[in-house]
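Peer 1: Sequence:
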Amino acid sequence: MLCKQIGDLSVRDFADYYGIPKDVATGSSNGCLTAYLLKYRCLEQKR
Numbered sequence: 890m891l892c893k894q895i896g897d898l899s900v901r902d903f904a905d906y907y908g909i910p911k912d913v914a915t916g917s918s919n920g921c922l923t924a925y926l927l928k929y930r931c932l933e934q935k936r
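Take the position in the sequence shown, starting the count at 1, then add 889; the result is the number in my numbering.
It is possible that some hints are incorrect.
To be verified - With a cut-off of at most 20 angstroms between alpha-carbon atoms, the simulated SDA-like pairs for lysine to any residue come out as follows:
no.	residue 1	residue 2
1	K911	S899
2	K911	L927
3	K928	S917
4	K928	V900
5	K928	L898
Unchecked claim - Pair by pair, the computed Cβ-Cβ distance ranges are:
no.	residue 1	residue 2	range
6	G908	R930	31 to 37 angstroms
7	I909	R930	15 to 21 angstroms
8	D902	C931	14 to 20 angstroms
9	K928	R901	26 to 32 angstroms
10	P910	C931	27 to 33 angstroms
11	R930	Y907	27 to 33 angstroms
12	K928	G908	28 to 34 angstroms
13	R930	D905	30 to 36 angstroms
14	R901	C931	17 to 23 angstroms
15	D905	Y925	29 to 35 angstroms
None of these hints come from the bench; they were simulated from the model.
Nothing here was measured: the structure is a model prediction, and the numbers come from that model.
Just so it is clear, CB atoms sit at the ideal spot from N, CA and C, and this is done for glycine as well.
Can you build the whole structure from these sequences, using the hints too?
Peer 2: In structure tokens:
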């Protein structure tokens, strides 16, 4: 869930198909999520 007004994001990853009931660190999905948010300009890139 993304709240653009305050820039807050909550992430939970469930991969039951692969035998992972819950990825508590969600590192495996954060990279993909960040790429998606940048592609669709939901985040600003700072240089």
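Peer 1: The structure should be examined with respect to each hint, and the outcome stated for every one.
Peer 2: Here is how each hint holds up against the structure:
| no. | hint | in the structure |
| --- | --- | --- |
| 1 | K911 <-> S899 | holds (14 angstroms) |
| 2 | K911 <-> L927 | violated (25 angstroms) |
| 3 | K928 <-> S917 | holds (18 angstroms) |
| 4 | K928 <-> V900 | holds (18 angstroms) |
| 5 | K928 <-> L898 | holds (16 angstroms) |
| 6 | G908 <-> R930: 31 to 37 angstroms | holds (35 angstroms) |
| 7 | I909 <-> R930: 15 to 21 angstroms | violated (31 angstroms) |
| 8 | D902 <-> C931: 14 to 20 angstroms | holds (18 angstroms) |
| 9 | K928 <-> R901: 26 to 32 angstroms | violated (21 angstroms) |
| 10 | P910 <-> C931: 27 to 33 angstroms | holds (28 angstroms) |
| 11 | R930 <-> Y907: 27 to 33 angstroms | holds (31 angstroms) |
| 12 | K928 <-> G908: 28 to 34 angstroms | holds (30 angstroms) |
| 13 | R930 <-> D905: 30 to 36 angstroms | holds (32 angstroms) |
| 14 | R901 <-> C931: 17 to 23 angstroms | holds (18 angstroms) |
| 15 | D905 <-> Y925: 29 to 35 angstroms | violated (22 angstroms) |
This entry does not satisfy hints 2, 7, 9, 15, going by the numbered hints stated previously.
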